[in-house]
Amino acid sequence: MDYFLTEDQLMIRNLARQIAEERVVPVRQELDEREEFPSEIMKILAQSDLFALFIPEAYGGLGKGILEFSIAIEELSMACLGVSTSYAANGLGTYPLLLFGSEEQKKRYFPDIAAGKRLVAFGITEANAGSDASGIQTTAKLEGNEYVLNGTKQWITNGGEAEIYTIIAMTDKTKGARGASAFVVEKGTKGFHFGKKEKKMGIRASVTCELIFDNCSIPKENLIGREGMGFIVAMKTLDQARVGVGAQGVGVAQGAFEEAVKFARQRVQFGHPVISFQAVQHMLADMATEIEAARAIVYAVARYVDSGARDITKESAMAKVFATDMAMRVTTNALQVMGGSGYMREYPVEKMMRDAKILQIYEGTNQIQRNVIGQALIKEAAKEGKKQ
Amino acid sequence: MNIVVCIKQVPDTTEVRIDAETNTLMREGVPSIINPYDMHAIEAGLQIRERTGGKVIVLTMGPPQAEAALRNALSMGADDAVLLTDSAFAGSDTWATAYALSKAVRKIGADIILCGKQAIDGDTAQVGPEMGEFLDIPHISYVRKIEEVHSGGIRVQRLMDDGYDIVESSLPVLLTVVKELNQPRLPSLKGKIAAKKAEIKKWGHSDIGAEPANIGLKGSPTLVKQIFAPEAKKDRKLLYGTVEEQVDALVQELRGLGCV
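Chains as they are written, first to last, in my numbering: chain L, 857 to 1244; chain F, 420 to 679.
One chain only, chain L, in its complex shape (with noise of 0.2 Å):
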């Protein structure tokens, strides 16, 4: 379907899709077997712009919008959601400087950012918080011109690969959530370690990690923000980068879908391409209808971002809950569709299979996406009962 998408917008497309297909696809396996950080294709992004996409063009980047980078996003997906993970963390990492940086933590860090030659990273997850945020035990004392952070950050993408690190910690426990504040920390800094690597089902070639402060000061004015503000400027870039993993769900669906078209107009059985049963064009027609569907509300809430719509909690949201939900369902049946052979590691779909989980579950699981979307009702609601 034709998105009206603009001459610079197709080109973005069409230079991601490049990336994919001649650098991405044939190391993919590999590097999902390997458990391999993509470094090579990091790269290869940063030198063809990619990193700048969405970083205003006053600090060296291309001053692009959600919607560019949704588009990068879902065509890396369509090869690898390991790579595609690496580069959208990025993007999650780089929010609360975007939404809510100084202007002097702007210059410090996003001509790099830009460049690609510094990695973010975003840290909030903990043993103890991940739907519930409030339960961060993390702690960022302030003492003199410095802040002293202590505990522990799990399930970090990109940890120990990223240079910057922007995380959430505690300033004043006793006010809960109201008590939680966004800083910057840069790698090698004195107190800030990285702790153990995990083995995950999926997304392999993406490094997850724990981070480790003991004792880690870092000067004042790497706080992002005021204090206090730690938990909006935390939801506030969860609303922005939902949509990309929106696009993420697009992208791995549509991956899948055409390995499985592919398959089924080879594979022969009863003396026919098993295409011909209708049966299997039933399970592609609804694959294809959904991840059209699924595309075009990614785009249209992305264009609403965009446009600076302030409230965009409930869209982004309802994109990444329909888009991610699509995508398990798909390369679900795109592995059935293809029978045995969708099953062996010699075709990609298994790994689309298993990487496509990750969508439903992080960056808010998709049960507290429906919570979001829910809560956003009530409200409406009753904004709509008081004008009665």
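Check the hints yourself; a few may be wrong.
Capping the alpha-carbon separation at 27 Å, the derived lysine-lysine pairs in BS3-like fashion look like this [claimed, not checked]:
1. L/K973 x F/K609
2. F/K615 x L/K899
3. L/K962 x F/K609
Don't read these hints as lab results, they were simulated from the structure.
From a predicted model like this one, the values you see are computed outputs, not experimental measurements.
Could you slot chain F onto chain L? The hints should help.
Frame of chain L; chain F shown alone:
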């Protein structure tokens, strides 16, 4: 340092159709790409610029639509582009093409000239070395590695059947390169945006002072009669021993064949 990279736009297929009347390539309806070997020449040019500074200028001769190939090269990071396009150039063979390109190179001024080892459509591998002769400068073909480059000269590895030669040269020099040299980079978004807006210089035969008698179909000493893959001749013999023994053996072989 001025680095001129000569590229050719070629059809994106090895199955080239030939015009039966003129025996030249039919380009219509076939998507066009930069000759793959020339991509390595562009990459080499960009890498040399990263080492020594200077400018990379891409040059091609072809129909107006060859501009697309130049814009692609610009999006990879080339600084400037020149298109030789003029109906007077039509039908040029390798000699006439090399003549015209060398005239353009003279006008641009170059310390290093880079070409792919050959184009995948014609496969002659002649234009690069012929340009070197027209320019009266050293040329090194089949370069697989550039070991050293500075204002005083260059040292490269030249790929041979049984290994490689190390060749040193003064500048200016013309190199033709093989795919082992590097992996061509992908374009960048900033490069693509700049390439879209870039102005491409278009020169005709009078702009480069090319004699009309030396260009185009009329200026071409060769005519294509037929295109075919030559039969690979496998019967060859290596002679060993001292020079005297080898000469004796050679004379005997030639006598046996009735050559002497």
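Checklist entry - Among all the numbered hints in the text so far, which are the ones the structure does not match? => result Violated hints: none; all satisfied.
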